[in-house]
Amino acid sequence: MSSLGPAELPFDQFAEDGRLSRIISVQDKLDSGNITIGLRSQSGVVLATEGNEQYALRRLYNVEGRIGVAVSGVGSIGQTLVDIAKTECSSYCSNFGADMNLRELQTRLATYIHGHTISSVIQPLEVRLLCASYEEAGPMLYVIEPSGDSRGSYGAISGHGCNLAMNRLKGINLSSLSLEELAKESTVMSYLANEKARIEIELGLIGGSTGRFELASPRLLTECHNHANMVMQMLSRSDKH
Numbered sequence: 001m002s003s004l005g006p007a008e009l010p011f012d013q014f015a016e017d018g019r020l021s022r023i024i025s026v027q028d029k030l031d032s033g034n035i036t037i038g039l040r041s042q043s044g045v046v047l048a049t050e051g052n053e054q055y056a057l058r059r060l061y062n063v064e065g066r067i068g069v070a071v072s073g074v075g076s077i078g079q080t081l082v083d084i085a086k087t088e089c090s091s092y093c094s095n096f097g098a099d100m101n102l103r104e105l106q107t108r109l110a111t112y113i114h115g116h117t118i119s120s121v122i123q124p125l126e127v128r129l130l131c132a133s134y135e136e137a138g139p140m141l142y143v144i145e146p147s148g149d150s151r152g153s154y155g156a157i158s159g160h161g162c163n164l165a166m167n168r169l170k171g172i173n174l175s176s177l178s179l180e181e182l183a184k185e186s187t188v189m190s191y192l193a194n195e196k197a198r199i200e201i202e203l204g205l206i207g208g209s210t211g212r213f214e215l216a217s218p219r220l221l222t223e224c225h226n227h228a229n230m231v232m233q234m235l236s237r238s239d240k241h
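Its first residue numbered 1, the sequence shown is counted upward by one per residue in the working numbering.
Worth flagging that the hints you see were computed from the coordinates, not collected in a lab.
Bear in mind that the values here come from a model prediction, so they are computed numbers and not experimental data.
Please note that a few of the clues may not be correct.
Label-pair restraints from in silico Cβ distances [as the list claims (entries may be wrong)]: (1) 210 with 151: 33 to 41 Å; (2) 32 with 80: 41 to 49 Å; (3) 232 with 95: 44 to 52 Å; (4) 236 with 151: 32 to 40 Å; (5) 135 with 76: 26 to 34 Å; (6) 119 with 239: 42 to 50 Å; (7) 104 with 223: 29 to 37 Å.
Dumping the calculated SDA-like pairs for lysine to any residue here, alpha-carbon to alpha-carbon at most 20 Å [unchecked claim]: (8) 86 with 211; (9) 170 with 31; (10) 29 with 58; (11) 86 with 76; (12) 86 with 148.
Beta carbons are placed, not taken as given, at the ideal position from N, Cα and C, and that holds for glycine.
Construct the entire structure; sequences and hints are all you get.
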């Protein structure tokens, strides 16, 4: 008998821990999807996503120049949510004459995503969003789950091999790292999660110097890949001893 997908599972079916079975099904799919990483320090935030041929749609987006969004899960759903985010920001600016901050935006996105979990007619959205900005209060990183739950974070990892990457994250003091160091560490974690696959990494950064979310330069990307390769070689040698 084939397994039930999230849309087929009864709306009111709960697991033993109290979570909706539909949400658990979606989260399990996300845990086997594209690797997506967000790291935050006092210097800013870095978002990294896996960008190989299997994932034709973009996974890293810029919203109004000030907010970065990384998508884990179904790319087309992520793209739709980014379009909604852009519309919300534009409407807010028109109504209030000011830019919408990330805390407000992530609340609105989380509410929209949550709406797909409380109806038996539509299915939960198979997506997890990592959102980054740098505002007056400093760097911010939010994770929005397919349930609509959201939380602030210093380090978030989603996708296939996330446990391997998380093990490295637990041993790192992120708060003191520069943006370039964050970018290099996110690349190492991506390599750890995908050690048997040749992957391309999309990197985006936002810091206090510009307050703008920007893609990593070719120079920084090269440095990140070189650093990750060096770390992987060191880990391989240590495993042999």
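Check each numbered hint from earlier against the structure, then list the numbers of those it violates in ascending order.
-> Of the numbered hints, 1 and 2 do not hold.
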